[in-house]
Structures are given as structure tokens and as C-alpha cells.
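Asks: Now for the letters of each chain:
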Amino acid sequence: MRYVLIILFFLNFSCKPENNKSIALEIHDFSGIEPYLNLEGDKTYVVNFWATWCAPCVKELPHFEALQENYKEEIEVILVSLDFPHQYESKLKPFIQKYQLQSKIVVLDDPDMNSWIPKIDPQWDGAIPITVIYNASKRLFFNQTFSYKELETELQTFF
Amino acid sequence: MKTMLSLLVLLTTVAFTPIISDNGYEIGDIATDFKLKNIDGNTVSLSDYKDAKGFIVVFTCNTCPYAVAYEDRIEALNKKYAKKGYPVIAIMPNNVRTKPGDSMEAMQQRAKEKGFTFPYVMDANQSIYPQYGATKTPHVYVLESTAKGPVVQYIGAIDDNYKDATLVKTKYVENAVDALLSGTPVKVTKTKAIGCSIKV
Chain A
16 MRYVLIILFF LNFSCKPENN KSIALEIHDF SGIEPYLNLE GDKTYVVNFW ATWCAPCVKE
76 LPHFEALQEN YKEEIEVILV SLDFPHQYES KLKPFIQKYQ LQSKIVVLDD PDMNSWIPKI
136 DPQWDGAIPI TVIYNASKRL FFNQTFSYKE LETELQTFF
Chain B
43 MKTMLSLLVL LTTVAFTPII SDNGYEIGDI ATDFKLKNID GNTVSLSDYK DAKGFIVVFT
103 CNTCPYAVAY EDRIEALNKK YAKKGYPVIA IMPNNVRTKP GDSMEAMQQR AKEKGFTFPY
163 VMDANQSIYP QYGATKTPHV YVLESTAKGP VVQYIGAIDD NYKDATLVKT KYVENAVDAL
223 LSGTPVKVTK TKAIGCSIKV
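Chains A and B are the protein sequences, given in the same order.
Heads up: the first sequence at position 12 corresponds to 27 in our numbering, and the numbers run straight through without jumps.
Heads up: the second sequence at position 181 corresponds to 223 in our numbering, and the numbers run straight through without jumps.
Derived by calculation from the structure, the hints in this document are not laboratory data.
Ideal Cβ positions, reconstructed from N, Cα and C, are used throughout, including at glycine.
Don't take each hint at face value.
[To be verified] To spell it out: a stretch of chain B is covered by chain A in this simulated footprint if at least three of its residues, at any positions, have a beta carbon under 8 angstroms from a beta carbon of chain A; those stretches are:
hint	stretch
1	143-157
2	194-202
3	233-240
[To be verified] FRET-style restraints, in silico, Cβ to Cβ:
hint	chain 1	residue 1	chain 2	residue 2	range
4	A	K74	B	I69	33 to 43 angstroms
5	B	G225	A	Y163	49 to 59 angstroms
6	A	S46	B	Q168	32 to 42 angstroms
Chain A on its own, in the form it takes in the complex (with noise of 0.2 angstroms):
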């Protein structure tokens, strides 16, 4: 037991100066991703995608924060992030520990666009951010970006 304590004492340790290291992404292509836009709980769940080189999803992303803290109990926010393959290590992971996000972090790996874009929403020509409420007996899609006041009353709708 002691010797497992010390290893990974020294895991730890060794972990410190690369924080990228301790953030686990989940990564998807799209029949990964579907499942979530698709859950039977009892919960209203808010789907926003998004990425780190889009700036106005970062602009609105504290305002998904700030849901999930507010509805804890009532609702989970999912962020799908699109970004590249390439920039995880780069870009997405040292964002979520910058910023310290808390909500549920998904990641989208799926080349082939043009076959599960029209699945999210027919409406939806692929630009981000897009976001998507739903619970068992209510589903919209916004193409837009969001306040959080604007977002609270969407999600009221949904009560």
C-alpha cells in the first residue's frame, strides 16, 4: 500500500508541470454524439456546439456555465467542442483549464459533415454555435448566440 501511495505520489507529481495530462477528453464521430442529443432522463438538456477558434461561441460559453450552476438539479449542459484533431493538446485542453469548465465536455471527430449536419437540425448550414434544448416532451434548435438572460427564458420554456 505504501508503495503505492509513494508511485503515485510521484504520478502526481509528475503530472503537475503538463496540467493537459490530467484532462481526458471524450472523443466521437457522430453516432458517438447522437446518443447525447437523445437522452431519456428527467432533465432538460442544453447541447451547445462549439469551438475554441469560434469567437462568439467563447464569448457566450460562460453564460452555459452559469446555467449549469444556476439549474443544478433541473438541467445538464452538454458542450460538444469541434475543435481540430490537431489543437486538442493545443488549444482545447489548455481552454478547459484556463477557464476551469465544469459543465459535460464532449468532442466531435467527424470528418465527413455534410452526412450528420442535416441530423441535428435540417434547418442548420453548419455554422457555429448552434445550440440545442430538449427534454422528454420539448426539443428546439437555435441557430444563434446567447445572453444569459436570453438563455435562462429559453430554458424556462422548457419547465
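Based on these hints, arrange chain B on the given structure of chain A.
Replies: Showing chain B alone in chain A's frame:
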């Protein structure tokens, strides 16, 4: 009387609402010509190309990673199709105050670095991209020159793999232009892809 008045107001509002829909062009629509400033200082219009059979109009920019991922493929399209009568015209639609990396100087610099052989013009008043209905970069419109004007024949992505050109299975734009060149109908007329929203 009041009803009549409201009706009149309503009718006037409807009559003066611009006919151009928010969604831009559909397949078969006649695309507008433009007169936009190129990186060489001259202006470019579709009507300058008297012998063109059509155009590959690409809304693109310097700053969007997807647009950057496609730069070499846009250049390759121009190399392959300009001589066949379908030149590439690249239009940078972003507001440069929002995206200084898309300024005319930056466009000139990028074109030089990449050796672009096609015109790279700026939609400086942001008046052309909304008519086309472009919403993101890159966003492609294949136009066919006809007696009525340039007819929209394809809208969407360049191909089906932004990440790796060697893994592309379907070259949407090439297929569309090849079909037009051989006088056959374009099979896939609309595709979708992730891109960066055009910055206003």
C-alpha cells in the same frame, strides 16, 4: 375604418419588405453580379469574364481554420477549372473591424504566401454575401453562365473531408462542375459543412 387602416399598413409593410429572402439563393436562381476590389487593386465582376462557362464562387477568409484547411484545394480547383471555363472567384465577406486578420493587407499577404492564382476580393460593404445567402467560410456557389445570367447550380462544401484531402471520398464541387461541363444535371446540388460564421 380602423380595420381598413391596419390592413393598409399591413399591406404596405408586406409590399415594401425586400423580396430577397434571408436564406439567399436556391438552386436555379440567378446570382447577382458584383464589383468588388481585388487584392491587386483592380475591381472584379463576373461580367469581366466574357468567355466563362461559369464560376466557382468561394466565400472564404484568412482567419477561419476551415477556410485555411481548404486553401490549397481552392487553388487546385482554379488550376484545374479556370482553363476549362470555370474560374474560381474568392470573396472575403468578414467585417475587418471584427476580424483584422482579414484586412486587405492580410489578404494580399496570404495570397502571396500561398501563391493564389485566382482573384481574392473583399465584400467591403458586406452587401454581396447576404444576397447569396452565404453564412460561413468556406461556402461555395457554382454558377453556370446562361443568357439569363449566372444560374446557381451548386451550394455548399468543397468535399467531404476538411481534415485530410487524401481521405476525400466525394468531391462535391468537382462533380458539379464536371457535370455542367458535360451538359448533364448536377446530382448533388446542396451539401452542408461546419464553417466559421461570417463576422458582421
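Asks: Could you say whether the range 32 to 42 angstroms given as a hint is met by the Cβ separation of S46(A) and Q168(B)?
Replies: With a Cβ separation near 38 angstroms, S46(A) and Q168(B) satisfy 32 to 42 angstroms, so the hint holds.
Asks: Taking 8 angstroms as the C-beta cutoff, is the stated coverage of the stretch 143-157 of chain B by chain A satisfied by three or more residues?
Replies: violated (count 0)
Asks: Checking C-beta pairs, does the stretch 233-240 of chain B have three or more residues closer than 8 angstroms to chain A?
Replies: Our answer is that it holds, as 8 residues pass the Cβ test (under 8 angstroms) against chain A, meeting three.
Asks: Against the range 49 to 59 angstroms, how does the distance between the Cβ atoms of G225(B) and Y163(A) compare: consistent or not?
Replies: Once the Cβ atoms are compared, 55 angstroms apart, the range 49 to 59 angstroms for Y163(A) and G225(B) holds.
Asks: Has the stretch 194-202 of chain B got at least three residues whose CB is nearer than 8 angstroms to a CB belonging to chain A?
Replies: holds (count 3)
Asks: Looking only at beta-carbon atoms, does the pair K74(A), I69(B) fall within the given range of 33 to 43 angstroms?
Replies: Check passed, 34 angstroms falls within 33 to 43 angstroms.
Comparing the model with each earlier hint shows a violation of hint 1 alone; every other hint is respected.
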